[in-house]
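Engineer: Each chain is listed here by its residues.
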Amino acid sequence: MEPTYHDGGVNFCWRFPYLFSQPKRHDVVAVRFAGSKVMLLKRVIALEGEQVEFRNGKLFVDGREIEEAYVRYPCHWNLSPRQVEKDCVYLVGDNRSMPMESHHFGQASKRRIMGVILW
Amino acid sequence: MVKIKYLFIAALIVILGIAMVTAVFPSEERRVKKQFRLLSEWVSKSTEENAFTMLQRMKDIGGLFDAHCELRVPDQSLSGSYTREEISTYAGSARSQASQLDLKFYDLQVVFPGKEVAKVTLTARLTGRSTAGERMDETRELECLLRRIEKKWLFTQIEVIEVLKK
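Going line by line, the protein sequences match chains A and B.
The first sequence begins at 1 in the numbering used here and counts up by one.
The second sequence begins at 120 in the numbering used here and counts up by one.
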């Protein structure tokens, strides 16, 4: 999640908001693996049912370009359009300067989202 | 006062007894978790590791697996049934490409779907440095099956669970 959040930093995750509402686009969330000891920080870029794609580093959702002020490094990703499945959200980190193949991103079940990152 | 002293000694003996029984006769869950502890220890590598230790570790890693083990690791093109020797060779080759490795397992949840079968879900984190000096940091969720063969729990299947699906 560089440069928004730094590797090895301490962050606070608030679970409360997602008890009553769904994750929204641009939220930074904590995604769990098998338990709660190891988590990833990722940004929600597309919601269930939406079509997501990257064209030369620009994010397109349902064919519309989405402005992403938090992406500060140059990005040249190209990702063919794909639909976000039911009960899932599409998550990507803010560090898009690395090759797309090395970046851990994609759609995840909402059940894996532990909460929103406060700081 | 004397009574309290005897009660205290009796309680201490009971606690020590329970601890000894637990240590001498570990539960099946503890035995299964021990295999992960050994795997973590043997895959991990320090910068000072010599060739003899490397060969010993390769052999040790192979000993944790069943004669045939099913691997399902999509992003490493590792899918199918592999023999213990193949896994040992692969582990040795992967370790030789790193100057330092640290494998840790978190959140192990062990269930026993059958008498001789254990299913473990966990998070694995591999950090270290390649011989070229590049930093490595990979985290994956795994689902493992272990089978008890001749009183030893051996890995028979390891599958990487896709948390983020591109």
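Since the hints were derived computationally from the structure, they do not count as laboratory data.
These figures come from a predicted structure and were not determined experimentally.
Built from N, CA and C at the ideal position, the CB exists for glycine as well.
Don't take every hint at face value.
[As the list claims (entries may be wrong)] Restraint-style ranges between C-beta atoms, simulated for each label pair:
#1 A:Phe16 / B:Glu167: 22 to 32 Å
#2 B:Met139 / A:Phe16: 43 to 53 Å
#3 B:Leu197 / A:Asn78: 20 to 30 Å
#4 A:Ala69 / B:Arg266: 49 to 59 Å
#5 B:Thr208 / A:Ser21: 33 to 43 Å
#6 A:Gln51 / B:Ser198: 42 to 52 Å
#7 B:Lys178 / A:Met98: 33 to 43 Å
#8 A:Lys110 / B:Glu147: 46 to 56 Å
#9 B:Leu197 / A:Pro99: 14 to 24 Å
#10 B:Pro145 / A:Ser36: 34 to 44 Å
#11 A:Ser36 / B:Arg150: 43 to 53 Å
[Unchecked claim] Computed list of lysine-lysine pairs in DSBU-like fashion (alpha-carbon distance at most 30 Å, straight line):
#12 B:Lys271 / B:Lys285
#13 A:Lys37 / B:Lys284
#14 B:Lys271 / A:Lys110
#15 B:Lys271 / A:Lys37
#16 A:Lys110 / B:Lys164
#17 B:Lys164 / A:Lys58
#18 A:Lys86 / B:Lys238
#19 B:Lys271 / B:Lys238
#20 B:Lys122 / A:Lys37
#21 B:Lys164 / A:Lys86
#22 B:Lys124 / A:Lys37
#23 B:Lys284 / A:Lys58
#24 A:Lys37 / B:Lys238
#25 B:Lys122 / A:Lys24
#26 A:Lys37 / B:Lys153
#27 B:Lys223 / A:Lys37
#28 B:Lys284 / A:Lys110
Engineer: Now, for every hint given, state plainly whether the structure supports it.
Structural biologist: Comparing the hints with the structure gives:
no.	hint	in the structure
1	A:Phe16 / B:Glu167: 22 to 32 Å	violated (48 Å)
2	B:Met139 / A:Phe16: 43 to 53 Å	holds (46 Å)
3	B:Leu197 / A:Asn78: 20 to 30 Å	holds (27 Å)
4	A:Ala69 / B:Arg266: 49 to 59 Å	holds (53 Å)
5	B:Thr208 / A:Ser21: 33 to 43 Å	violated (51 Å)
6	A:Gln51 / B:Ser198: 42 to 52 Å	violated (29 Å)
7	B:Lys178 / A:Met98: 33 to 43 Å	holds (37 Å)
8	A:Lys110 / B:Glu147: 46 to 56 Å	violated (34 Å)
9	B:Leu197 / A:Pro99: 14 to 24 Å	holds (21 Å)
10	B:Pro145 / A:Ser36: 34 to 44 Å	violated (26 Å)
11	A:Ser36 / B:Arg150: 43 to 53 Å	violated (25 Å)
12	B:Lys271 / B:Lys285	violated (38 Å)
13	A:Lys37 / B:Lys284	holds (21 Å)
14	B:Lys271 / A:Lys110	violated (38 Å)
15	B:Lys271 / A:Lys37	holds (28 Å)
16	A:Lys110 / B:Lys164	violated (36 Å)
17	B:Lys164 / A:Lys58	violated (41 Å)
18	A:Lys86 / B:Lys238	holds (28 Å)
19	B:Lys271 / B:Lys238	holds (15 Å)
20	B:Lys122 / A:Lys37	violated (46 Å)
21	B:Lys164 / A:Lys86	violated (42 Å)
22	B:Lys124 / A:Lys37	violated (43 Å)
23	B:Lys284 / A:Lys58	holds (20 Å)
24	A:Lys37 / B:Lys238	holds (20 Å)
25	B:Lys122 / A:Lys24	violated (65 Å)
26	A:Lys37 / B:Lys153	holds (19 Å)
27	B:Lys223 / A:Lys37	holds (12 Å)
28	B:Lys284 / A:Lys110	holds (13 Å)
This entry does not satisfy hints 1, 5, 6, 8, 10, 11, 12, 14, 16, 17, 20, 21, 22, 25, going by the numbered hints stated previously.
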